[in-house]
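Each protein sequence line maps, in turn, to chains B and U. Its first residue numbered 1069, the first sequence is counted upward by one per residue in the working numbering. Its first residue numbered 309, the second sequence is counted upward by one per residue in the working numbering.
The set of hints was computed from the structure by calculation and includes no laboratory data. Even for Gly, the Cβ is constructed at its ideal location relative to N, Cα and C. Please note that a few of the clues may not be correct.
As the list claims (entries may be wrong) - Sample of chain U residues at the chain B side, in silico, Cβ under 10 Å: (1) Ala328; (2) Val329; (3) Asn331; (4) Val356; (5) Gly359; (6) Pro377; (7) Met429; (8) Val431; (9) Val435; (10) Pro443; (11) Leu451.
Unchecked claim - If you anchor each label on the Cβ, the simulated ranges turn out as follows: (12) U:Glu323 <-> B:Gly1167: 34 to 44 Å; (13) B:Lys1192 <-> U:Ala461: 36 to 46 Å; (14) B:Pro1096 <-> U:Pro452: 29 to 39 Å; (15) U:Val329 <-> B:Gly1167: 17 to 27 Å; (16) U:Gly311 <-> B:Lys1192: 19 to 29 Å; (17) U:Ala442 <-> B:Ala1134: 25 to 35 Å; (18) B:Arg1187 <-> U:Pro452: 20 to 30 Å; (19) B:Arg1187 <-> U:Met351: 39 to 49 Å; (20) B:Pro1073 <-> U:Asn331: 27 to 37 Å; (21) B:Arg1187 <-> U:Val316: 18 to 28 Å; (22) B:Arg1191 <-> U:Asp324: 41 to 51 Å.
As the list claims (entries may be wrong) - Just a few of them, taken from the derived set where beta-carbon distance is under 8 Å, the chain B residues facing chain U: (23) Phe1098; (24) Val1101; (25) Tyr1106; (26) Cys1113; (27) Ile1190; (28) Arg1200.
Chain residues, written in single-letter form:
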Amino acid sequence: MSTVPIRVIQWATGPVGSFQLAEVIDNPEFDLVGLFVYSPDKVGCDAGALAGRPDTGIVATSDKAAILALDADVVLHSASKAYGFDANTDDIGALLESGKSVITVDVVCAFADFGIRDRRGIRKACNEGHARFHSAGERFSSSSTVRTCQKNECSST
Amino acid sequence: MIGDAFGVEVEEVREDFDRAVTNETLEVAMGTVEAGTCGAIRMKAIGVVDGREAIIVEHVTRLAHSVAPDWPRGIGDLSYRVVITGSPDIDCTLAATLRDPGRAGIGSMTSGAGAMVATAMRVVNAVPYVVEAAPGLLSAVDLPLTIPKNVFATQQV
């Protein structure tokens, strides 16, 4: 592992992303260099304020071009599927082409609707940007030894 | 991904979906669910290997513990379960719960809060390993164990 902090961009600050942001701020292994948000209410907020932490000097933006122009090692892509699968694929492709590796919570690799065309596009974007893409999906991706995997969820009380 | 890891060909992917009726009226976060309407869903993605339904990813969601008593259940309100039928049979249930969702900035969440943080955790832990890997697409199988660094430095007990 490198002793130089890894430069991280946080993409979106929902229930998952805000916790990632807090960890990126807390962990000396990481250096937060950018923050993308969807909600207009969050634009201009200091990253610390969105993660329950002191100010960091990194301000949230909804300007994708500004994020693409940043120098960073990796983007933690935590966009909800509510924002659109197609937009997420395009966003991830653009980030990879710009030379940043991407780790997403989306399960794009795990489902049949992530077609061969998208897979080729992501692979091409990785090649162009010398970047890495990893789907650490929120569901169903946790183990290579699963034969039957059951998730039980109960939202009441 | 699981098929690739085992070196077997998943020759077909089948789907299964089922609903269960609640016998009592439920008051849940999204509103009132009347008795006699849908109170639980169950879905499966099934990978067929050598004509056998060998790799199954299943998701069970209940609005209350009383609904669909015959369906699989786990620990508490939300858990993950891995069942491997073989020699030996393995049955592992994993529950991710959060003692203080407010501290994680998701105080409004109940049963899902632990899963949100677990999702964030997998992404953040993967960062140094993804950055070190060769460019391209990386699945969970391609990466080494993504053991967190600095865990004792940032841990909030």
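Quick rundown of the hints versus the structure:
For Ala328 of chain U, the shortest C-beta to C-beta distance to chain B is roughly 13 Å, which exceeds 10 Å, and the interface hint is violated. Restraint check, Val329 of chain U versus chain B: the minimum CB separation of about 16 Å is more than 10 Å; hint violated. Because the beta carbon of Asn331 of chain U sits about 14 Å from the nearest beta carbon in chain B, more than 10 Å, this interface hint is broken. Evaluation of the Val356 of chain U hint against chain B yields a violated restraint, the C-beta minimum of about 13 Å exceeding 10 Å.
At its closest, the beta carbon of Gly359 of chain U sits 16 Å from a beta carbon of chain B; the interface hint therefore is violated under the 10 Å criterion. Proximity of Pro377 of chain U to chain B is violated relative to the hint, the smallest CB-CB distance being about 12 Å (cut-off 10 Å). Restraint check, Met429 of chain U versus chain B: the minimum CB separation of about 8 Å is within 10 Å; hint holds. At its closest, the beta carbon of Val431 of chain U sits 5 Å from a beta carbon of chain B; the interface hint therefore holds under the 10 Å criterion.
Here the hint on Val435 of chain U is kept, as its CB sits about 6 Å from the closest CB of chain B, short of 10 Å. For Pro443 of chain U, the suggested interface contact is upheld, since its CB lies about 5 Å from the closest CB of chain B, less than 10 Å. Interface hint at Leu451 of chain U: satisfied, since its Cβ lies 7 Å from the closest Cβ of chain B, which is below the 10 Å cut-off. Under the hint 34 to 44 Å, the C-beta atoms of Glu323 of chain U and Gly1167 of chain B, about 38 Å apart, fit the expected range.
Separation of Lys1192 of chain B from Ala461 of chain U is about 38 Å and conforms to the stated range, judged on CB atoms against 36 to 46 Å. For the hinted restraint 29 to 39 Å between Pro1096 of chain B and Pro452 of chain U, the CB-CB distance of approximately 22 Å leaves it violated. Between Val329 of chain U and Gly1167 of chain B the C-beta distance comes to about 53 Å, which lies outside the given range of 17 to 27 Å. With their beta carbons about 24 Å apart, Gly311 of chain U and Lys1192 of chain B fall inside the hinted range of 19 to 29 Å.
Take Ala442 of chain U and Ala1134 of chain B: their Cβ atoms lie about 29 Å apart, and the range 25 to 35 Å holds. Between Arg1187 of chain B and Pro452 of chain U, the C-beta spacing of about 23 Å keeps the proposed range 20 to 30 Å intact. In this structure the supplied range 39 to 49 Å is violated for Arg1187 of chain B paired with Met351 of chain U, their Cβ-Cβ distance being about 24 Å. The beta-carbon spacing between Pro1073 of chain B and Asn331 of chain U, approximately 56 Å, falls outside the hinted interval of 27 to 37 Å.
The hinted window of 18 to 28 Å between Arg1187 of chain B and Val316 of chain U holds, with their beta carbons roughly 20 Å apart. At roughly 31 Å, the beta carbons of Arg1191 of chain B and Asp324 of chain U sit outside the given window of 41 to 51 Å. A hinted interface residue such as Phe1098 of chain B counts as satisfied when its beta carbon comes closer than 8 Å to some beta carbon of chain U; here the least separation is about 7 Å, so the hint holds. The closest approach between the C-beta of Val1101 of chain B and any C-beta of chain U is roughly 13 Å, which is over the 8 Å cut-off, so the hint fails.
The restraint placing Tyr1106 of chain B at the interface with chain U is violated, with a minimum CB-CB distance near 16 Å, outside the 8 Å limit. Interface hint at Cys1113 of chain B: violated, since its Cβ lies 13 Å from the closest Cβ of chain U, which is beyond the 8 Å cut-off. Interface hint status for Ile1190 of chain B: upheld, as the beta-carbon distance to the closest one in chain U is roughly 6 Å, under 8 Å. Look at Arg1200 of chain B: its Cβ gets to within about 5 Å of chain U, closer than 8 Å, so that hint holds up.
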